[in-house]
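Here are the chains, one letter per residue:
Protein chains: 2
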Amino acid sequence: MTNSKTVLVSEEALSRFIASALQHEGLPAGDAKIVGELMAQADAQGSDGHGVIRLPQYIRRIRAGGINVRPNIHIATERAAMAVIDGDNGMGHLVVSRAVEVAVEKARVAGVAWVGTRASNHAGPASLYARMPMAHDMIGLYFAVGNANHLPPWGGMDMLLSTNPIAAGIPADKEPPVVLDMATTVAAYGKVKAKAKQGEQMPEGWMIDRQGKPLTDPLRAEEGFLLPIGGYKGYGLALMVGLLAGTLQGAAMGKEVVDFNHDDVTPTNTGQAILVIDLAAFGDAKMFKHSVDVLVRDIKSSARLPGVEQIWLPGEQSHQRRADAAAHGIPISAVLFAELGELAKGLAIEKLSQVTNQ
Amino acid sequence: MTNSKTVLVSEEALSRFIASALQHEGLPAGDAKIVGELMAQADAQGSDGHGVIRLPQYIRRIRAGGINVRPNIHIATERAAMAVIDGDNGMGHLVVSRAVEVAVEKARVAGVAWVGTRASNHAGPASLYARMPMAHDMIGLYFAVGNANHLPPWGGMDMLLSTNPIAAGIPADKEPPVVLDMATTVAAYGKVKAKAKQGEQMPEGWMIDRQGKPLTDPLRAEEGFLLPIGGYKGYGLALMVGLLAGTLQGAAMGKEVVDFNHDDVTPTNTGQAILVIDLAAFGDAKMFKHSVDVLVRDIKSSARLPGVEQIWLPGEQSHQRRADAAAHGIPISAVLFAELGELAKGLAIEKLSQVTNQ
Numbered sequence: 001m002t003n004s005k006t007v008l009v010s011e012e013a014l015s016r017f018i019a020s021a022l023q024h025e026g027l028p029a030g031d032a033k034i035v036g037e038l039m040a041q042a043d044a045q046g047s048d049g050h051g052v053i054r055l056p057q058y059i060r061r062i063r064a065g066g067i068n069v070r071p072n073i074h075i076a077t078e079r080a081a082m083a084v085i086d087g088d089n090g091m092g093h094l095v096v097s098r099a100v101e102v103a104v105e106k107a108r109v110a111g112v113a114w115v116g117t118r119a120s121n122h123a124g125p126a127s128l129y130a131r132m133p134m135a136h137d138m139i140g141l142y143f144a145v146g147n148a149n150h151l152p153p154w155g156g157m158d159m160l161l162s163t164n165p166i167a168a169g170i171p172a173d174k175e176p177p178v179v180l181d182m183a184t185t186v187a188a189y190g191k192v193k194a195k196a197k198q199g200e201q202m203p204e205g206w207m208i209d210r211q212g213k214p215l216t217d218p219l220r221a222e223e224g225f226l227l228p229i230g231g232y233k234g235y236g237l238a239l240m241v242g243l244l245a246g247t248l249q250g251a252a253m254g255k256e257v258v259d260f261n262h263d264d265v266t267p268t269n270t271g272q273a274i275l276v277i278d279l280a281a282f283g284d285a286k287m288f289k290h291s292v293d294v295l296v297r298d299i300k301s302s303a304r305l306p307g308v309e310q311i312w313l314p315g316e317q318s319h320q321r322r323a324d325a326a327a328h329g330i331p332i333s334a335v336l337f338a339e340l341g342e343l344a345k346g347l348a349i350e351k352l353s354q355v356t357n358q
Numbered sequence: 001m002t003n004s005k006t007v008l009v010s011e012e013a014l015s016r017f018i019a020s021a022l023q024h025e026g027l028p029a030g031d032a033k034i035v036g037e038l039m040a041q042a043d044a045q046g047s048d049g050h051g052v053i054r055l056p057q058y059i060r061r062i063r064a065g066g067i068n069v070r071p072n073i074h075i076a077t078e079r080a081a082m083a084v085i086d087g088d089n090g091m092g093h094l095v096v097s098r099a100v101e102v103a104v105e106k107a108r109v110a111g112v113a114w115v116g117t118r119a120s121n122h123a124g125p126a127s128l129y130a131r132m133p134m135a136h137d138m139i140g141l142y143f144a145v146g147n148a149n150h151l152p153p154w155g156g157m158d159m160l161l162s163t164n165p166i167a168a169g170i171p172a173d174k175e176p177p178v179v180l181d182m183a184t185t186v187a188a189y190g191k192v193k194a195k196a197k198q199g200e201q202m203p204e205g206w207m208i209d210r211q212g213k214p215l216t217d218p219l220r221a222e223e224g225f226l227l228p229i230g231g232y233k234g235y236g237l238a239l240m241v242g243l244l245a246g247t248l249q250g251a252a253m254g255k256e257v258v259d260f261n262h263d264d265v266t267p268t269n270t271g272q273a274i275l276v277i278d279l280a281a282f283g284d285a286k287m288f289k290h291s292v293d294v295l296v297r298d299i300k301s302s303a304r305l306p307g308v309e310q311i312w313l314p315g316e317q318s319h320q321r322r323a324d325a326a327a328h329g330i331p332i333s334a335v336l337f338a339e340l341g342e343l344a345k346g347l348a349i350e351k352l353s354q355v356t357n358q
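Top to bottom, those sequences are chains L and F.
Residue 122 in the working numbering sits at position 122 of the first sequence, and the numbers go up by one each step.
Residue 9 in the working numbering sits at position 9 of the second sequence, and the numbers go up by one each step.
Check each hint, because a few of them may be wrong.
Intra- or inter-copy, both count: the list cannot distinguish identical chains.
[What the hints assert, rightly or not] When the alpha-carbon atoms are kept at most 30 angstroms apart in a straight line, the in silico DSS-like pairs for lysine-lysine are as follows:
| # | residue 1 | residue 2 |
| --- | --- | --- |
| 1 | Lys213 | Lys300 |
| 2 | Lys255 | Lys174 |
| 3 | Lys300 | Lys174 |
| 4 | Lys255 | Lys289 |
| 5 | Lys5 | Lys351 |
By construction, these hints were calculated from the structure, which means they are not laboratory data.
Given the sequences, and given the hints that come with them, work out the whole structure.
This is the structure in structure tokens:
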């Protein structure tokens, strides 16, 4: 995964660097630390479109007044098995982490809990939050409204929907957990941007133009739309996720969604929702996790189609990447590393250091 | 929708006919009535692969001892926001209806509730159950394990997964509700069977053979596998749904799933799960439903791609079909109508009557 154009950094160093930058921008030290850890974890697990690469954008937004660095994140309404967290336009990582905490507490008593957010912001990869309840022998199911609309309704051209992701974290016993994290579009928009940066064409099926024809040039992405998975089905899923993660909590959905790539100032009123399920309420958590192990092994040992080298479980590759990152460091592109060096200079904070003995 | 090869029957007559047949087979009158109503509703909304067409199979299964006609459907375990219903191998329609009732009661207090089933059976179209909470100004989110495995893990050939559907019922105010009901495969297996019956080929993308090549002859369906929506993403969704609807409740999943098309005797131990969300817990239900109206109208009035006549919302076509069925009757194929006539003769029950003034 590393080549001449990447450098290696440790997850801990990366986390500290991000925290230091955000603290410089006005976040309290504790909050900056939480965001740093979650963003570094995103890079460590290979969700590099949602990790430190976002730091310059977050800083730009903070400086423009588009994010509240001292938010009063609080419960706006609650019952035994639900709550809505008002994020007061704070960093999404903080708002959603709080939502998960509240959901875990409630699920421990009620068995199941749904906690949504409003006045939140972009929070990085969905899987970060779906994973959190697993430490408590709980399942996490996560929905979010994306921060830019690139998806029209099926057959339409008005971009009323985003890539609204679904994520699930389902613990196993001896095997790695099953962790799903998927946009409801064929490709997340970050992948389109990555193709543009790499000077590559997109495969057919990612986007169409306004004639409904395949669009494969990522530099023309603004002229077209993303395609949902499974055609009208993915459109239905994106809509469902948006209603559950956005509308239900009084967060933005449809025309209200702010494109945070083109607007640093307007509060996004982002909505997310986490459903937490306590395994102990359903029976013996250990037995459940053992059943997941058995299923995982049946899947891994399935006969394979010609040319297929191995069967992957959702989340298995991220799991391996994070183990690799812990052993050898996180690969970061040399270009990004240089940009972060400039950023450090501008902020007068300590530079991000490379792993020394590669 | 009707042609020379269909006859029209009223939803009420169809419901009574099904109830009468099931009562003859030993179901208590009240239970037979519930199943009749739900099966007829499936036909009325156009889910005809899950309606009266299943009656002969259900009867065959009851006679073989594969379904318990006098089940003790009961709560096996519960907390404030969850329960597991043990269906005692009763008709799935009864077990899941009970699960929805319990979930609605709990959601009214806790705000949100998850109720799962085990020892249940095939229950017809997912949307029937996702719709139910809407009458209480609640959202329904439904997951089920399919009753035959036709889907291998991505890249594999062992059919460890089913078409595991996801359904959602989200109420609007003046507009029809948003009702999603989708298999996590490109085509539900019932559609493959329908193509075979009609003597038509399947489009590429529904199934592949054991070489990974497109399989388009529905008569060769047993030689191949269904394809998940969005490739590995749909595989991940089918797996997630199976773990949530099956494994979590102690119901069948993976190798444990009984193919109820080829086995009338073995209890299927089917699992389903409904999540019910009470709108009132989140704020003003009326305001939420109005927001859904606004979004629905924005979507309906979206600019359209060339050649697209109108934009549909999930569930909108079913909604229209049910209105048509109420006005004119439900179209049923003449072949099926004749089969039901034979069935009535065999059971010595009153024949299903056609709508008289077409």
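Evaluation of the provided hints:
no.	hint	verdict
1	Lys213 with Lys300	between (38 angstroms within a copy, 22 angstroms between copies)
2	Lys255 with Lys174	between (45 angstroms within a copy, 20 angstroms between copies)
3	Lys300 with Lys174	within (14 angstroms within a copy, 49 angstroms between copies)
4	Lys255 with Lys289	between (42 angstroms within a copy, 16 angstroms between copies)
5	Lys5 with Lys351	within (19 angstroms within a copy, 77 angstroms between copies)
Of the hints listed earlier, there is not a single one the structure fails to meet.
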